[in-house]
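In order, the protein sequences belong to chains R and Z.
Positions 3 to 235 (our numbering) are the ones given, in order, by the first sequence.
Positions 14 to 271 (our numbering) are the ones given, in order, by the second sequence.
Warning: the hint list may mix true and false statements.
[Said to hold, decoys possible] Beta-carbon label-pair distances, calculated as ranges:
1) S157/R - P94/Z: 56 to 64 Å
2) L19/R - G193/Z: 25 to 33 Å
3) H223/Z - L19/R: 53 to 61 Å
4) Q103/R - S267/Z: 22 to 30 Å
5) S28/Z - A137/R: 24 to 32 Å
6) Q103/R - D72/Z: 45 to 53 Å
7) M6/R - H223/Z: 42 to 50 Å
8) A212/Z - T18/R: 31 to 39 Å
9) G50/R - G194/Z: 38 to 46 Å
10) D87/Z - D81/R: 34 to 42 Å
11) D41/Z - L231/R: 53 to 61 Å
12) A137/R - H223/Z: 37 to 45 Å
13) L27/R - H223/Z: 26 to 34 Å
14) D34/R - A212/Z: 32 to 40 Å
Just so you know, the hints here were simulated from the structure itself, not pulled from any lab data.
All residues carry an ideal CB built from backbone N, CA and C; glycine is no exception.
Residue strings, one per chain:
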Amino acid sequence: MPDMMLRTEGLTKGFTLHLQGGLRLAVLAGIDLAVRAGECVALTGPSGAGKTTLLRSLYGTCRADGGRILIRHRGTLLDLAAADPRAIVAVRTETLGYVSQFLRVVPRVAAREIVAEAAIARGQAPAAARAAAEALLLRLAIPARLHDLPPATFSGGEQQRVNLARGFVAGHPILLLDEPTAALDAANRATVLTLISEAKARGAAIVTILHDAAALAAAADRAFPMTALQDAA
Amino acid sequence: MSDPTLLSARGLRLSFGAIPALAGVDLDLWPGEVLAVVGESGSGKTTLLNVLSGRVRPDAGVVWYRDPDGALHDVHAMEAPLLRRLHRSDWGFVHQDPRQSLRMGVSAGGNVGERLMAAGARHYGRIRASALDWLAEVEIDPARIDDLPRIFSGGMLQRLQVARTLATHPRLVFMDEPTGGLDVSVQARLLDLIRRLVARHGLAVVLVTHDLAVARLLAQRIVVMRRGLAVETGLTDQVLEDPQHPYTQLLVSSVLQA
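Model the full structure from these sequences, guided by the hints.
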């Protein structure tokens, strides 16, 4: 299927906690998830069901124990679970955008630069990337007077919006969004939902974690329900 | 992925008496990549840096360096003058203590200019202009070009060492705890500076640090050293957020949250 952007086959992931006597936590077992271009899939389920672990596995941060993670990159399906580190870096730069729950701030780097960096890395001209960064920050209600400042002193909500701008600015074909509407007021939540539908309209495949039922109904084409393995029958 | 490495080490071993500082280490570095070597004191990380850069000879193993023309050189089989030339031009070394590479009795500009001259520059005006540029790059007031480093603060000394090292546009820089011993605010400025310069000049860096926050900020990849062995390697976020080896899990869980 040519419009298949992301597919996992039998994805399995657990954690071995060596500091707790080698305690073994099974989190994901045999996950088969498929997302097409222009589709938004929401991972749902209680905390501890492995939603964030799945999202981090799709980004290559958590290393899969078994199965495949196929990502459409440069026109072919690449197995991220078997890719070497430099291939993963290339996939992240060009293909996979990720918005974590918290912005990891870099000292002394202005908000505009933090956002523009992602687009420049993906090949946009610096001036155009900065203009796009400013426009997106303004849409997310970060006023122009803050664009030159490093976000270290921003509020949690403002930092999260800088993070979202960074995630959306580059136009990645696949977006992974970890609770993009958490900690946002109603107006900003509406903006994020609009950004998601704009990304879908340009053909992006999106995997997201959404707890807010209204946001889920508005943004997601379907839910991918998950349950904690310990609770499973 | 078969594009050529810039630096490759295979089977590095080195013992100090009965203590194995390196017990069989393999490592690859690609052009433009920042690789952090982390681990506690005594894990062998500084020894690894010294062996990779040809400063210390291993008991066994080989280090290959690929020059700009694509030719491979066995670093420990190179003739001394050739290795010295490499250290003066293509390579740089940033020490934890800037006094190890700076000359305290020579002006700030002279310290930068000296490295340019060692790499073959002769025109005084151009050397001075380049020194001024590099002082500005590392945020040292150009008006201080004729001051002696002796009267500089620790953070300024470290920035001067970075300017001196990068003046010849090296492709590969070895850094040994570059922010060690500096105040936290001074550290942040230096880290940001290193981060920008590395990106702007496309430098490859082998960075030794015990500070995981420094590794997270600067490095794409991490190697975790313990008792002379590389116990884990991976992308920075993989190693810090999904550590596999018991020792890496201990290191990561020992970091104090600010």
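Do the hints match the structure? See the list:
| no. | hint | verdict |
| --- | --- | --- |
| 1 | S157/R - P94/Z: 56 to 64 Å | holds (59 Å) |
| 2 | L19/R - G193/Z: 25 to 33 Å | holds (31 Å) |
| 3 | H223/Z - L19/R: 53 to 61 Å | violated (23 Å) |
| 4 | Q103/R - S267/Z: 22 to 30 Å | holds (23 Å) |
| 5 | S28/Z - A137/R: 24 to 32 Å | violated (60 Å) |
| 6 | Q103/R - D72/Z: 45 to 53 Å | holds (48 Å) |
| 7 | M6/R - H223/Z: 42 to 50 Å | holds (45 Å) |
| 8 | A212/Z - T18/R: 31 to 39 Å | holds (36 Å) |
| 9 | G50/R - G194/Z: 38 to 46 Å | holds (43 Å) |
| 10 | D87/Z - D81/R: 34 to 42 Å | holds (35 Å) |
| 11 | D41/Z - L231/R: 53 to 61 Å | violated (37 Å) |
| 12 | A137/R - H223/Z: 37 to 45 Å | holds (42 Å) |
| 13 | L27/R - H223/Z: 26 to 34 Å | holds (29 Å) |
| 14 | D34/R - A212/Z: 32 to 40 Å | holds (39 Å) |
Taken one by one, the earlier hints fail for this structure at numbers 3, 5, 11, listed in ascending order.
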